[in-house]
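Counting the sequence shown from 1 gives a position; the working numbering is that position plus 110.
These are calculated hints, taken from the structure and not from any lab test.
Some hints could be false.
[Said to hold, decoys possible] Derived CB-CB ranges, DEER-like:
#1 PHE245 to MET333: 31 to 39 Å
#2 PHE230 to ALA202: 27 to 35 Å
#3 LEU325 to SER271: 44 to 52 Å
#4 LYS131 to ILE299: 14 to 22 Å
Ideal placement from N, C-alpha and C gives every residue a C-beta, glycine not left out.
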Amino acid sequence: MSELLHVSSSPHVRSKDTTQKIMLYVVISLLPAACFGVYNFGMQALVLILVTIASCVLSEYVFNMITKRKQTIQDLSAVVTGLLLALNLPPAFPWYLAIVGGIFAIIVVKMVFGGLGQNFMNPALGARCFLLISFTGYMTNFTYDGESVATPLALLKAGESVKTMDLFMGTTAGTIGETCVIALLAGAIFLILMGVIQITIPASYIITFAIFTFLFGGHGFDMTFLVAELCGGGLMLGAFFMATDYATSPITTNGRIIFGICLGILTGVFRFYGASAEGVSYAIIFSNLLVPLIERVSRPKAFGKGGKA
111 MSELLHVSSS PHVRSKDTTQ KIMLYVVISL LPAACFGVYN FGMQALVLIL VTIASCVLSE
171 YVFNMITKRK QTIQDLSAVV TGLLLALNLP PAFPWYLAIV GGIFAIIVVK MVFGGLGQNF
231 MNPALGARCF LLISFTGYMT NFTYDGESVA TPLALLKAGE SVKTMDLFMG TTAGTIGETC
291 VIALLAGAIF LILMGVIQIT IPASYIITFA IFTFLFGGHG FDMTFLVAEL CGGGLMLGAF
351 FMATDYATSP ITTNGRIIFG ICLGILTGVF RFYGASAEGV SYAIIFSNLL VPLIERVSRP
411 KAFGKGGKA
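All chains, full assembly: derive it from the sequences and hints.
See below:
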């Protein structure tokens, strides 16, 4: 009887899938982008991926050991955090600073707040923003074919044009996991088919950003510019793999739509009116902070409530 009354901590998933299985699906879905990143940028990308994953797993293991908590590394959530963080780093980023980012993601953003399901923002994005603020020079140093070059979004912000086909194929500068849209969409389709994520947040995010771009992007209804904005940065990676994080996104359908709308508007504001050409990471983190309010206003009324007395 005691087992029937046991209530575990969030996230609660109403299915036979375990947290470990869900995280394994996420890892599998990210493999196309990770493998292409290694192919595109070379062994330095592979080193960053392995080092960052190892630092996240080891950080969680050591933290649990010191605080005498039950070990949780077997649920693979630390692996997902490490892989996502690595895919958000430039290929030339120093490996020792990637370790710092992994420690920050797990200890500061995740474990201090209680572990999986109790963190208020995505750990990988929290670490990325920490690294961006602390080591701006390294985080904005993008290389391709051995040369430092501007990212497609930086070129667009400067008024230059980019080749949209290069963005689909991934033959361009950027972070390790954001360049190849085909690889990201393949992983996203896998997650949707496996029932790990729903299309609600990514769809509302992308549609809202598209409308914002048409209205305030400064290029009118230029489809080429819109496609470049959608595919040239971290929007696809963020929309399908980080904005859909169970612990930091709303659980109601209406809440997810509102969440996606907030993401689209904030990304547009940061990109078109901010100093940086990118804005996905900050948009997701700010929207994570709004989730409690979004869930409060989107919560359905209980049956029998709200009527006249």
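For each hint, the structure was consulted:
At roughly 36 Å, the beta carbons of PHE245 and MET333 sit within the given window of 31 to 39 Å. Taking the beta carbon of each, PHE230 and ALA202 are about 31 Å apart, inside 27 to 35 Å as hinted. A beta carbon spacing of about 21 Å between LEU325 and SER271 contradicts the range 44 to 52 Å that was offered as a hint. Restraint check, LYS131 to ILE299: a C-beta distance of roughly 18 Å satisfies the suggested window 14 to 22 Å.
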